[in-house]
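There are 2 protein chains.
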Amino acid sequence: MTTALPLDRTYAEQLDAADPLARFRDSFARAGGNQIYLDGNSLGPLPLATQARIAEVVSQEWGAGLVSSWDHWVGLPRETGDLVGEHLVGAAPGQTLVSDSTTVNLFKLVNAALDAQPGRRVIITDDDNFPTDRYVLQGIAAQRGCELRMIHTDLDEGVSEDALRSALGPDVALVSLSHVAYRSGALADMPRITDLVHDCGALMLWDLCHSIGAVPIELDASGADLAVGCTYKYVNAGPGAPAILYVRTGLQSRLRQPVWGWFGQADQFAMGPAYDPVPGIEHFATGTPQILGTVAVAEGTKLLGEAGMARLRAKSVTLTGYLIYLADQWLAPHGFSLASPRADARRGGHVTLSHPDAWRISQALIAAGVTGDYRTPDRLRLGPAAVITRFTDIWDAMDRLRTIMADGTYSSLAPPLSRVT
Amino acid sequence: MTTALPLDRTYAEQLDAADPLARFRDSFARAGGNQIYLDGNSLGPLPLATQARIAEVVSQEWGAGLVSSWDHWVGLPRETGDLVGEHLVGAAPGQTLVSDSTTVNLFKLVNAALDAQPGRRVIITDDDNFPTDRYVLQGIAAQRGCELRMIHTDLDEGVSEDALRSALGPDVALVSLSHVAYRSGALADMPRITDLVHDCGALMLWDLCHSIGAVPIELDASGADLAVGCTYKYVNAGPGAPAILYVRTGLQSRLRQPVWGWFGQADQFAMGPAYDPVPGIEHFATGTPQILGTVAVAEGTKLLGEAGMARLRAKSVTLTGYLIYLADQWLAPHGFSLASPRADARRGGHVTLSHPDAWRISQALIAAGVTGDYRTPDRLRLGPAAVITRFTDIWDAMDRLRTIMADGTYSSLAPPLSRVT
Chain D
1 MTTALPLDRT YAEQLDAADP LARFRDSFAR AGGNQIYLDG NSLGPLPLAT QARIAEVVSQ
61 EWGAGLVSSW DHWVGLPRET GDLVGEHLVG AAPGQTLVSD STTVNLFKLV NAALDAQPGR
121 RVIITDDDNF PTDRYVLQGI AAQRGCELRM IHTDLDEGVS EDALRSALGP DVALVSLSHV
181 AYRSGALADM PRITDLVHDC GALMLWDLCH SIGAVPIELD ASGADLAVGC TYKYVNAGPG
241 APAILYVRTG LQSRLRQPVW GWFGQADQFA MGPAYDPVPG IEHFATGTPQ ILGTVAVAEG
301 TKLLGEAGMA RLRAKSVTLT GYLIYLADQW LAPHGFSLAS PRADARRGGH VTLSHPDAWR
361 ISQALIAAGV TGDYRTPDRL RLGPAAVITR FTDIWDAMDR LRTIMADGTY SSLAPPLSRV
421 T
Chain R
1 MTTALPLDRT YAEQLDAADP LARFRDSFAR AGGNQIYLDG NSLGPLPLAT QARIAEVVSQ
61 EWGAGLVSSW DHWVGLPRET GDLVGEHLVG AAPGQTLVSD STTVNLFKLV NAALDAQPGR
121 RVIITDDDNF PTDRYVLQGI AAQRGCELRM IHTDLDEGVS EDALRSALGP DVALVSLSHV
181 AYRSGALADM PRITDLVHDC GALMLWDLCH SIGAVPIELD ASGADLAVGC TYKYVNAGPG
241 APAILYVRTG LQSRLRQPVW GWFGQADQFA MGPAYDPVPG IEHFATGTPQ ILGTVAVAEG
301 TKLLGEAGMA RLRAKSVTLT GYLIYLADQW LAPHGFSLAS PRADARRGGH VTLSHPDAWR
361 ISQALIAAGV TGDYRTPDRL RLGPAAVITR FTDIWDAMDR LRTIMADGTY SSLAPPLSRV
421 T
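Keeping their order, the protein sequence lines are chains D and R. Under our numbering, the letters of the first sequence match residues 1 to 421, in that order. Under our numbering, the letters of the second sequence match residues 1 to 421, in that order.
These are calculated hints, taken from the structure and not from any lab test. Note that CB positions come from ideal geometry on N, CA and C, so glycine has one too. Among the clues, some could well be false.
[Claimed, not checked] Computed beta-carbon distance windows for the label pairs: (1) D:G75 - R:R121: 38 to 48 Å; (2) R:L413 - D:D199: 53 to 63 Å; (3) R:E306 - D:E218: 48 to 58 Å; (4) R:P333 - D:T249: 54 to 64 Å; (5) R:Q14 - D:A64: 27 to 37 Å; (6) R:L148 - D:S253: 22 to 32 Å; (7) D:D199 - R:A274: 28 to 38 Å.
[As the list claims (entries may be wrong)] A few chain R positions that, by computed beta-carbon distances, are all more than 10 Å from chain D: (8) L15; (9) A221; (10) R346; (11) D399; (12) T409.
Please put together the full structure from these sequences, using the hints given.
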């Protein structure tokens with residue numbers, strides 16, 4: 001976005017008036033008053049349909065239906081996975097499952113992938129991948145005696161394809177990267193990187209946590225082998241809602257996951273003596289699935305499906321481009337710099353700004369009615385959600401931020417504490 | 001229960017009138033009409049407090065509080081674990097955590113236990129342990145090249161201590177058994193078996209799925225090393241609510257679990273480069289915890305704590321003893337036999353009856369307004385929950401069952417299908 005834009009609020013009002021997705025704002029519960037929520041990249045807002053559906057499942061399906069409701073609950077992880085496949089991640093049916101957490105799904109798929117690649121003993125990831133990804137891979141490498149090869153990532157620009165190319169070789173079993181970097185919001189080129197990885201005979205696993213629901217994803221078309229991702233950010237499925245996992249059809253029969261749970265067992269209620277996994281995606285299930293979270297994934301997915309990922313992405317790019325433009329004009333003079341890729345095509349759904357005093361500023365911003373979040377070492381992360389955020393929200397947030405900077409009292413706030421992403 | 005009891009309904013009415021726990025029935029949502037629910041051993045009923053609390057968490061903490069609610073959510077898995085420790089499993093604080101599913105918790109603890117027992121390569125379990133336990137152990141044994149030594153269990157009487165004694169030896173790293181057998185309801189002697197296992201230097205892991213909330217449990221006092229258990233049965237926390245895990249304090253620093261997730265990381269939001277686990281029970285956490293299920297565990301636990309496990313157990317024993325007495329009188333002549341231990345002290349919360357046509361009879365019983373469940377090969381499982389089941393429920397259920405048997409039309413029903421435990 002290099003052309004000059006009007007800096008007055010009227011321009012933002014005009015963009016809102018022309019927004020084809022504006023009506024979706026009414027599909028969500030609102031945090032009270034003039035609070036502006038730019039942290040959908042951490043915990044998405046509550047869809048009213050989800051609130052109603054959870055109440056219905058609790059009172060009718062659990063309260064009244066009791067154990068008989070398992071007759072349809074048992075199919076929900078796969079059916080909801082297919083819904084996610086259709087609307088959000090570009091996966092044909094039978095490849096996506098709602099299950100466990102991202103952490104546990106990653107553990108299952110990485111171990112399964114390594115077992116399927118005998119003779120190759122290197123896992124590649126990047127040193128700015130999300131913490132749980134790095135820790136899970138460290139644990140697996142330690143247990144299996146594999147090498148975890150870390151490629152260096154620029155904190156602002158995301159994974160370097162050159163660095164990846166240099167790290168690849170015939171000893172690499174698996175590459176595990178985030179589609180959108182949690183810190184910078186940098187968007188990786190999924191098809192190109194997947195091809196690069198396949199060229200050396202390795203398998204490609206994508207972590208979609210920060211891209212699912214924010215960016216159109218085409219797992220099947222890109223040839224991805226494996227994916228995991230959470231649903232409590234842009235899918236708006238609520239705190240600790242179950243994650244998804246994806247295993248492409250052609251790979252399913254070659255993989256056996258390590259947690260041999262009864263929900264992955266063929267003819268589950270025969271309760272036979274030996275583990276005999278279901279042939280399809282349900283093999284990757286483990287224990288009894290959480291039902292309230294799974295119905296929330298279904299509701300959140302349907303809502304995004306109705307808005308349409310292409311329209312959501314178009315609005316998201318305009319929102320973040322506008323945010324960057326205002327930051328350039330108003331905040332750069334106060335010592336802010338952009339810590340996300342500047343090119344639209346290289347950004348996911350959130351924008352990160354760096355400032356030496358980012359933590360105190362993020363606290364002052366919350367006090368001023370704008371929720372973003374702080375990330376180490378000096379980052380202010382702002383995540384508009386196209387399904388609910390208005391252009392006037394962006395204008396107001398940036399206006400409050402420049403007021404905070406002009407005022408300067410933020411610098412007397414207490415030192416940093418931890419907060420949850 | 002060998003003394004003669006009156007067989008008329010008036011006796012059941014008198015027992016109900018004298019029941020000190022009768023008022024707790026009003027704390028639960030009711031399945032409509034004259035439905036009698038004897039499947040709390042599969043999915044417990046809905047506490048009204050849980051319904052209200054979930055609605056509050058959805059609308060207020062998620063809907064209005066959004067990401068700021070993580071400030072208190074982040075402590076819930078441990079705080080709720082301590083509540084479970086205090087009221088249900090006899091564990092001092094800092095040893096019990098709400099986390100993942102029973103299946104995933106079992107996977108974590110068994111791997112951690114085996115790593116801590118170098119030089120010992122045998123896991124013992126029994127051939128009638130719950131399916132997911134057997135499958136998880138089979139998977140771990142296959143992956144690690146361990147021996148899984150299966151002791152034979154009588155389907156009616158539960159684990160044989162003699163069989164266990166014969167299987168134990170200096171090569172045994174871990175024994176993993178269910179406290180209450182899922183099929184027969186047989187209750188294992190936790191302190192004695194734990195001592196037996198410790199005598200040979202092995203670690204003892206208890207699966208509490210079918211005992212927690214039904215039977216008083218004293219993990220600390222019995223010297224148990226490890227435990228897992230679900231909360232959707234007698235704890236009434238709803239479909240797919242998270243499970244618990246227990247690691248005794250003295251063992252925590254010796255164990256490292258295999259799923260190195262970010263919720264087990266010290267100074268989690270520093271997001272540092274290397275996994276550096278929290279020293280306490282939270283090391284055994286993995287990914288983002290499900291919050292709705294966790295608050296349901298807290299509510300269900302508080303309700304049982306208010307009723308008191310000693311009173312619940314006393315009523316449960318009387319309920320199941322009465323059920324067995326009526327079965328002896330009314331159903332034995334129709335070919336039923338008891339498939340649970342007859343001695344009160346050897347039974348958990350449910351009673352199992354065997355009959356060659358058990359599946360069809362269980363279907364006819366559901367049609368007659370009584371929910372129990374079928375288990376292979378020929379078992380009808382009936383699980384009164386002391387917190388809600390009345391003695392008249394037992395009388396009515398057994399009365400309907402004898403009517404079904406006298407009528408005989410059940411024998412024309414369709415053949416078996418699968419159902420969820």
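Which hint numbers doesn't this structure obey?
none
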